[in-house]
Amino acid sequence: MQEPRTKKREKSQISNLESQISKVGIIGSGTMGIGIAQVAATSGCQVFLYDANIAQTEKSLENLQKVLARLVEKQKITPESSENIFRKIKPCTELSDFKNCDLVIEAIIENKEIKTKVFQQLEEIVSEKCIISSNTSSISITSLSSELKNPARFIGIHFFNPAPLMPLVEVIPGLLTEENLAQEIYVLMESWGKILVIAKDVPGFIVNRIARPFYGEALRIVEENIATVEQVDEAMRSLGNFKMGPFELMDLIGIDINFSVTKTVYADYFFDPKYKPSLLQQRMAEAKLLGRKTGKGFYDYSEKTHDARTKSQEIKDVEQNSEKTVELHRKIFMRIISMLVNEAVEAKRLGIANDEDLELAMQKGVNYPKGLLAWGKEIGYQKISETLQNLYSEYQEERYRQSPLLKKMSLKFY
Numbered sequence: 022m023q024e025p026r027t028k029k030r031e032k033s034q035i036s037n038l039e040s041q042i043s044k045v046g047i048i049g050s051g052t053m054g055i056g057i058a059q060v061a062a063t064s065g066c067q068v069f070l071y072d073a074n075i076a077q078t079e080k081s082l083e084n085l086q087k088v089l090a091r092l093v094e095k096q097k098i099t100p101e102s103s104e105n106i107f108r109k110i111k112p113c114t115e116l117s118d119f120k121n122c123d124l125v126i127e128a129i130i131e132n133k134e135i136k137t138k139v140f141q142q143l144e145e146i147v148s149e150k151c152i153i154s155s156n157t158s159s160i161s162i163t164s165l166s167s168e169l170k171n172p173a174r175f176i177g178i179h180f181f182n183p184a185p186l187m188p189l190v191e192v193i194p195g196l197l198t199e200e201n202l203a204q205e206i207y208v209l210m211e212s213w214g215k216i217l218v219i220a221k222d223v224p225g226f227i228v229n230r231i232a233r234p235f236y237g238e239a240l241r242i243v244e245e246n247i248a249t250v251e252q253v254d255e256a257m258r259s260l261g262n263f264k265m266g267p268f269e270l271m272d273l274i275g276i277d278i279n280f281s282v283t284k285t286v287y288a289d290y291f292f293d294p295k296y297k298p299s300l301l302q303q304r305m306a307e308a309k310l311l312g313r314k315t316g317k318g319f320y321d322y323s324e325k326t327h328d329a330r331t332k333s334q335e336i337k338d339v340e341q342n343s344e345k346t347v348e349l350h351r352k353i354f355m356r357i358i359s360m361l362v363n364e365a366v367e368a369k370r371l372g373i374a375n376d377e378d379l380e381l382a383m384q385k386g387v388n389y390p391k392g393l394l395a396w397g398k399e400i401g402y403q404k405i406s407e408t409l410q411n412l413y414s415e416y417q418e419e420r421y422r423q424s425p426l427l428k429k430m431s432l433k434f435y
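Counted from 1, the sequence shown has number 336 at position 315 by our numbering; the numbering is strictly sequential.
Just so you know, these hints were derived from the structure itself, not from any lab.
Accuracy of the hints is not assured; some may be wrong.
Below, a list of computed lysine-lysine pairs in the PhoX-like style, where the Cα atoms sit at most 20 Å apart [claimed, not checked]:
| no. | residue 1 | residue 2 |
| --- | --- | --- |
| 1 | LYS428 | LYS398 |
| 2 | LYS138 | LYS120 |
| 3 | LYS120 | LYS44 |
| 4 | LYS314 | LYS133 |
| 5 | LYS109 | LYS87 |
| 6 | LYS170 | LYS133 |
| 7 | LYS87 | LYS284 |
| 8 | LYS150 | LYS120 |
| 9 | LYS391 | LYS404 |
Nothing here was measured: the structure is a model prediction, and the numbers come from that model.
Please take these sequences and the hints and turn them into a complete structure.
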């Protein structure tokens, strides 16, 4: 393999980024791929959309036409804009169609080996000036770039689903990424109307690292028969004002995808117990009960009149005056929110991002009602610390260890 080339780009190369990046290649035409394609095309870029499965591309383009038609109906875009957006996306049957692209964004299966092979093929096709990137949600950017001839032009650009609606994009430079590239992508994504945070190349980056307890602790609570799926979701919505509970959100994301991210973060952190995957989630994935996309996950979506929220509302109506239920909801909420705040504080301690980006990422990436550092201050870091200490005393598991910084903050040093 060639020596990594980390030489900076010449200033003339980045002086007018918007005009330079006009042709964007998207690898993968699934939900994320077509969403990113829509964002790029809406911003005026010529988009080349490739997927090894041609039928998938055709299906995604058909769905996009429906999405654009609805936007026209709601008068959010004009019929002319709809036509222009769709016309700017060119379906491709070969990677060789990417030869003139300025930027390529990969959005395929979360598998390092498959991604690496695609990048190596791509490197033989595109020009030396073309930026190569991955939309991976958890795989190391440094690891993905390490087998390339020119890893300096490789970077992570992580959109959130659905890409046209979710404003956040995480920009992740790897250890081998050239110094100016993160700023180049930052400027480009801003021109696409996105809100940007720059993250260190750690497992899960910002959002998927900090958010693990939202799912993991909820799963643990249900596995231990402390509460039902519906009770956990209701607790987080009613007491935390989350738009969706953990199980509703896992069903929306896809249980297999959520499980895959958890496994990646767990393995990449050398099997740290904090990120240990759930056996319940594994069994759901094995049974192909993957959520909305299969019609059934933690909730059954076959009957539109009896969806997740309807079930939760029934429970709420029956139990709303029950002191026992109120106490259970409080216990669920404090357990999950304490784990989340602890994770955010640890990310702060490790310098994964600055405070502003940590707060922004969770609010704009996964729609949390407020930043977790702010939440910790509101609840009281001492109370968060006591909750975790009680959990540690009960379970005797490293899963519940506190960040050293949280201990200091609980003593009002901050």
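These are the hints, each one checked on the structure:
{"no.": "1", "hint": "LYS428 with LYS398", "verdict": "holds, 13 Å"}
{"no.": "2", "hint": "LYS138 with LYS120", "verdict": "holds, 17 Å"}
{"no.": "3", "hint": "LYS120 with LYS44", "verdict": "holds, 10 Å"}
{"no.": "4", "hint": "LYS314 with LYS133", "verdict": "violated, 24 Å"}
{"no.": "5", "hint": "LYS109 with LYS87", "verdict": "holds, 16 Å"}
{"no.": "6", "hint": "LYS170 with LYS133", "verdict": "holds, 17 Å"}
{"no.": "7", "hint": "LYS87 with LYS284", "verdict": "violated, 35 Å"}
{"no.": "8", "hint": "LYS150 with LYS120", "verdict": "holds, 11 Å"}
{"no.": "9", "hint": "LYS391 with LYS404", "verdict": "holds, 18 Å"}
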